[in-house]
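Following the hints, position chain B against chain A.
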Amino acid sequence: MLYPPARWTGRRYPPARGIASQVAGIVLLLALASLARAAGTAAAPGDSSATDPADAATPARMRLISQEQYFNSLGYVFGPDIQVAAHFAPFARTDGLVANGSASAGVTIAQMQEFQRTAASIAAQVVSPTNRAYLVPCAPRDEARADDACARKFLLPVGRLLFRRPLDKATAGAIVARSDEAANQLHDFYGGLAAALEGLMMAPQALFIVDRTEPDPARPGDARLDAYSIASRLSFFLWNAAPDDELLRAAEQGQLQNSAGRAKQVDRMLASPRLESGVRAFFDDMLRFDDLAVLAKDPGIYPTFGAETVADAREQTLRTLVEQLIVQKRDYRDLFTSRDTFLSPSLAVIYGVAAPPGWSAYTSPADSPRAGLLTQVSFLAAHAHPGRSSPTLRGKALRELLLCQTVPRPPPNVDFSLLEDANSRLKTARERLDLHRSNPVCGGCHKLTDPIGLAFENFDGAGQYRATERGAPIDASGVLDGKSFNDLAGLSQSLRDHPQLSACLVKRVYGWATGGPTQPSDKPMLGWLGEQFAADGYRLPDLLRTVALSNAFATVRVDAPAQLKAAAPAAKLPAHSAGGKSP
Amino acid sequence: MMRSARLARLSRRRVLKGMLNGAAVTVGLPLLDCLLCDSGQALASGAPLPLRFVTWFWGLGGNSSVFIPKKTGAGFDLPEELLPLERVKQHINVYTNFNAFRDSAPNLCHYTGWIVCRSGIAPIAGEDKPGETIDVTIARTIGRTSRFPTVMVTSNGDMRTSFSYENANSVNAAEPSPLNLYTRIFGPDYQDPNADGFTPSPRIMARKSVLSGVLDQTRELEKAVGAEDRARLDQYFTGLRDLERQFDQQLTKPDPIAACHKVETPGQDPRPGIDADIVAQRHRQLTDLMVMALACDQTRVFNMAYSAAFAATIKPGYEKPHHTTTHEEPIDKATGYQPIASWFARRAMEEWAYFVDAFSKVREGDGTLLDNSLIYASTDTNWARIHSIDGIPMFTAGRAGGRVRTGLHVDGGGTAATRVGYTAMKVFGVDAASWGTKSNATSSEVSEILA
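Chains as they are written, first to last, in the working numbering: chain A, 477 to 1059; chain B, 274 to 724.
You may find that some hints are simply not true.
[Claimed, not checked] Straight-line C-alpha distance at most 25 angstroms; calculated DSS-like pairs for lysine-lysine:
1. K606/B - K343/B
2. K629/A - K481/B
3. K629/A - K645/A
4. K645/A - K481/B
5. K535/B - K634/B
6. K740/A - K805/A
7. K526/B - K481/B
8. K923/A - K959/A
9. K645/A - K496/B
10. K593/B - K606/B
11. K362/B - K634/B
12. K593/B - K923/A
Quick caveat, the hints were computed from the structure, so don't treat them as lab data.
Only chain A is shown next, with the shape it has when bound in the complex:
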């Protein structure tokens, strides 16, 4: 009953199948190589159980399933023909990730109505005359009444996948009984099945991802996740979807509680095409691509920038990430200097180059200002105004999204009179912002954002290249935490070499993996993961493997409240750039 990822109507950007299949092949080879190394004396990436900090652990959490996780999971269970158009409430972005908000999100009455509406729609489709033939593994003796055996044959395996663990005997009996009762009431076997399936999809065991714990025999007095909770953590971490049948079987057999068994499953998961969905979802979240869903430009000012441009900008970055990090397994830091990407016709217009229909690989010429993620439209246009660029927003985004720093909120009472009076004679953003920075109230924060944000000024609010602004040449030079540069390429290189770049990725991956915000007590673990990441050449698959196989991943911090809201403090800003409190 398992199918490839579904093409859901609520999903705007289906994964690139070509890349997915390449991922499967290449990662499988890499995984096999890892296993081979593990069998010998050399330490493989992710063979960390003996060395991650001894007391590292995470809270037991209860996460509300996200819309994409729900779609992915049901897609893998029921296949691509089931159409879902749901609109679940987004979580509050916490510690840099929307996903972290799932650990504290509640269900409003309005959200419950949406869950019910979605479940009813899916259940009706699953048992429809068109789909039942291949989704229901048996036919009732009489379609006008209950058939206990057939209902059981359908509901229990599906329930196991939706609940991510086998149904206990009482629950299984109750669900089948309700299906039978409804079937007899409706004089419709499939109607009863649909009602029971609807109930399964709305059950708390399906909607909440609960970390269940048990005593840790290796550490008396401590707790660990039970095998099914490990399976769920692994699966939502790597696939952004519920565990498949094989992973649940591994849990049933106790394989996930020993390092060899878990490694076997992790390597299988890293080799799966589903990894692409997981990696895309992670970067979608980390790079705040939820903002792109509402990004629009003033068509009078940027007539070539439309809805297709926005969709393609997101897809370009995600394709680039998957290709370079997963398929080619390149150094994460090189994303910011690489000239390799993909182009679509709508982006080619912004780039000022020609492109064939569809997506095609594109390498920018050596003399092109386009190199690295910072020069992609998804960054340039997202962090700009509808009708102009914004060095402040771009600088802020670089610090917060890529370096995990926090730029303070602007002060409430700002005197803009200096800026306003001079506005008409100031041609460039640099001139305007120089005035801003000369104001001590504003200067503190603008010194954090503008010296790097001005490096983007050769790209307008739509991400198009320009050499001048209002006829005046653009000066894109600046300083990133003590490193000077002359243009955006220089900033990208400085960012590539910035020690907090990789540390930030590690922090975000760890939060994503463990289902909630990182905490101050995670510092040693994050430090250790950072060292492993560097030792492995900053390869993302290795980092994923290291996290998934760490002791901390499956160890529960017993004395910690389940929902710690306090996140680990954001990375400290360098002393020389920290100043006042205002933009």
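What follows is chain B alone, placed relative to chain A:
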């Protein structure tokens, strides 16, 4: 006991006794005590016309010099930015010189102001959502008998633009799509109260039966989690109970409602974008749908966001969005205000007028839907240029079934802005001795508007 408190217990549903697939079905209904009503207006069944509470939000306030009327009381003047309200002036009240107090909390730009006006509490950090919003509070009193206790919609295309939450971690996501809103309210699950026939759906009965099993599973899970997560499960449990109530409703023939008319599907959504024209188009489509949702008694509480607090609405051809304009546009020396920022405020007021007008166009009983509603409009700042939350302006519209007077400009004399929300709560019979905390705490209604 206030009249609205009695209304909360009223049901327009009738006892249904019938046969459902051969099985006798009885759906128990609350006491029909419409004979106790003191209103002369009633539905065909005799039940009184329901009262509705609605909120409207616009971002970035206005330019005080051309926003605040000079005269108070009845017959107040309409300064330049309020001129679009001319045609609805008799239906609204304007509230000025009321303050949102932050006490020891910081003034969080474009946040503190609206949070105080909607929750009565000053937030202490940027993501802090203290208490619950006023629509949730009032819905608990008047919204439990309709299909949707409260609904949040937004005109700016972003479902994250919400001014409604149950608690810090439970925001009611906004519906930005007229098409989706139509489907949610008037789609397959809609029961037309004026339809000729009524057949209780056996599938709803089956669905309700299955739901009781889900409730049992919730109890099982509660044993596996800590106290904070149990509270989240309790909230989930409440949602299930509300679904049960809805299923009960769907098994009962609704009373005919004369004011309820067939709604046409919007066909397609406006194009993406936040230029003022497209926002207005979206706002009007959403307004028309929600007004009919009220008239058809699908909900009695809803919230409309014209823009976000950090409004990024754009003026086509002008490079700065609304928020940036409020900070960077020079003050025109001749007029004394920021002309483009004022253009944005006027566009917002045009939509506020459209909103109020839409309610007044629906005939209901001897009056209009507006007569049976109270709309509370608030913003995030007084003068956005400096993020001032002193003198934060507000409006109300509608007479709440004759309980509220309109056509007034009320000068708050520097008292708490929460007084307006508190007045609304009392009008709807919320049992609250006061509302808000610290300096925002009030037990003082705006007596000038009470009939």
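request  = Please work out if K606/B and K343/B have their alpha carbons no farther apart than 25 angstroms.
outcome  = 21 angstroms, holds
inquiry  = Just to be careful, I want the Cα atoms of K593/B and K923/A compared with a cutoff of 25 angstroms; is the pair within it?
reply    = Holds. K593/B to K923/A sits at ~22 angstroms (cutoff 25 angstroms).
query = Taken at face value, is the distance from the CA of K481/B to the CA of K629/A at most 25 angstroms?
reply = 23 angstroms, holds
ask   = Quick one, are K526/B and K481/B close enough, alpha carbons at most 25 angstroms?
value = 17 angstroms, holds
request  = Sort out whether K634/B lies within 25 angstroms of K535/B, counting only the CA atoms.
outcome  = 15 angstroms, holds
key: Pair hint K629/A and K645/A, alpha-carbon separation not exceeding 25 angstroms   = 14 angstroms, holds
ask   = Given the proposed pairing of K645/A with K496/B, does the C-alpha separation stay at or below 25 angstroms?
value = 18 angstroms, holds
ask   = Given the proposed pairing of K740/A with K805/A, does the C-alpha separation stay at or below 25 angstroms?
value = With a Cα-Cα distance of about 20 angstroms, the restraint between K740/A and K805/A holds, given a limit of 25 angstroms.
query = Holds or violated: K593/B with K606/B, Cα cutoff 25 angstroms?
reply = 20 angstroms, holds
ask   = Does K923/A pair with K959/A here, judged by a C-alpha cut-off of 25 angstroms?
value = 14 angstroms, holds
query = Is it true that the CA of K645/A sits at most 25 angstroms from the CA of K481/B?
reply = Holds, because 23 angstroms separates the two Cα atoms, which is no more than 25 angstroms.
inquiry  = For a C-alpha distance cap of 25 angstroms, please report whether K362/B and K634/B respect it.
reply    = Holds, at about 15 angstroms.
Violated hints are absent here; each numbered hint is respected by the structure.
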